[in-house]
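Chemist: Here are the chains, one letter per residue:
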Amino acid sequence: MTGLPIAVVGASAAGLAAAEALRRFGWRGPLTLIGDEPHLPYDRPPLSKQLLHGAWTPEKLLLRTAEQLARLDLDLRLGTRATGLDVAGRALTLDGGVGVSPLAQGRERRRPLRRRDHCDRCRGPYPARRRPHRRSAHPAHPRRRAGPARPAGQGGTPGSEGVAAGGGGRRLVIVGNGVLGCEAAAVARELGHEVTLVGIEATPMAAAVGTEVGELLAEEHRARGVRLLTGAVDGFETAPADPAGGGDMAAADDLPGAAPQVTAVRLADGCRLPADLVLLAIGSRPAVDWLDDPALDTSDGLRCDAYCAAAPGVYAAGDVARWDHPVHGRPLRFEHRMNATEQGMAAARNLLAELAAEASGPARAEDAAAAGAEDAGPAPERRPFAPVPYFWSDQYAVKIQAYGLTAGADRVETTVLDRAARRALALYGRDGSAVGVLAAGLPPRQVRALRAVIAAPLPWEEARERIAAATAAG
Amino acid sequence: MKITLDADKCCAAGQCVLIAPEVFDQRDEDGVVVLLDAEPPAGAHDAVREAAAICPAAVIEVDV
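If you read the sequences in order, they're chains A and B. This note's numbering applies: residue 2 is where the first sequence begins, and numbers increase by one. This note's numbering applies: residue 46 is where the second sequence begins, and numbers increase by one.
Hints were generated in silico from the structure; no laboratory data involved. Cβ coordinates follow ideal geometry from the N, Cα and C atoms, glycine included.
Selected chain B positions facing chain A (in silico; Cβ < 10 Å):
id : residue
1  : D53
2  : C56
3  : Q60
4  : V62
5  : R72
6  : D75
7  : E95
8  : I99
Calculated pairs, EDC-like style, for lysine to aspartate or glutamate (alpha carbon to alpha carbon, straight line, at most 16 Å):
id : chain 1 : residue 1 : chain 2 : residue 2
9  : A       : K50       : B       : D53
10 : A       : K400      : B       : E74
11 : A       : K61       : B       : D51
12 : A       : K400      : B       : D75
13 : A       : K61       : B       : D53
14 : B       : K47       : B       : D91
15 : B       : K54       : A       : D395
Whenever a hint applies, use it, and build me the whole structure from the sequences.
Modeler: The structure is reproduced here in structure tokens:
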């Protein structure tokens, strides 16, 4: 062995997929998985759906059992934050947390030594998830980050707290009218809460799906009793915590016990929205502040090439990665669940290919026998990562599924198939080509067929015809 | 190989059907996964492992 582990920073969907893929593709060397949260890898999409609803307990979010993780033979470091990366030295710095050897703490940076007992030396890949950027402290709830894994009935998580509990009837203001805010609004209405959804988009979710699909969903939200507002939030009004009954807010993971209770949300236009609970769904920023090595471009996520490589030996996957999509011909970054898995796997494969190529070079012959992946068959070639992007959203009984690119379109053609049932089909174009398609309420066979149509950009008229054919057949 | 599903977690992405159509299908009404063959032949094993790895809801468990 070289003694150098592969370190994966980020223990969520992308990081886990990368770690599993590394093992599946033959990496037998040391493998470190680092996550800043204390929990075993868990899934995020259900946070705004089943968990918020109370239908699932937090345990059900776990992506793998402890037993399944054990089979990966990981050096699993939870509650541990990566604080620095020396790209040329391939040295990773960790801060605090469990199980970090003293040598790895603080800001030590040193050239990699060929020993395996210091975890601050690494080779990529570098899949990392975003950490939600907390622009606002109390009194609102940060989303997409589960709290302590307690059953909902015993205090729940920041996500479910106060929404699933209490039997409905509370005044909830959701700030942010993107996909996440809309999903949360749907759940909260189903639980009987009084819901106001306020955001800066004139039509909910318009940035993600266009105005016509957004309006169709807005109709469903209004029909279900959600109050939809457009506006910017100016601030929050609070009252001192009720020491006897302030448990809801105080349970959020970063709030002190005496956190004040929110009473209202103030909008920039002077409007005041009384609230018992506030949920922030205002988006996130990739957690790249710690990647301050000038060799890395972190202007919007971590910039990667078509192979998901940010630098030699350093790869990225998931929400944080902005890479050159070879089919769409421009750098893209997705905060989609499917991309996290697919890109984690792709980054793992490409890293191993790079290590194999490195090891087979004459100067690195010494490493060849020790690369850890030498028994994985013929050295694989690195492959550009060219997925068909996919995302879904569940709101009430409406399921939305989209392939390709729907955001950033300069042309959208929406066909409403059944307004009352919220069934629709939309085609998204950019620069004269069709690049994305969305289906609401279509049967699964038709939805799958749409994927093949939009796998690569194609002429607009051809896309229209093929989509009509795909959705006409059974 | 033995496959088990936690279909309750299925989000109906349909990736498993795209990858291993002889092993997985989706219910017409809601797209939830249907297992066609719980013990598929060796020729399908790679595809099943791929489907299990890629499933965005961690629904598919493969017991080798």
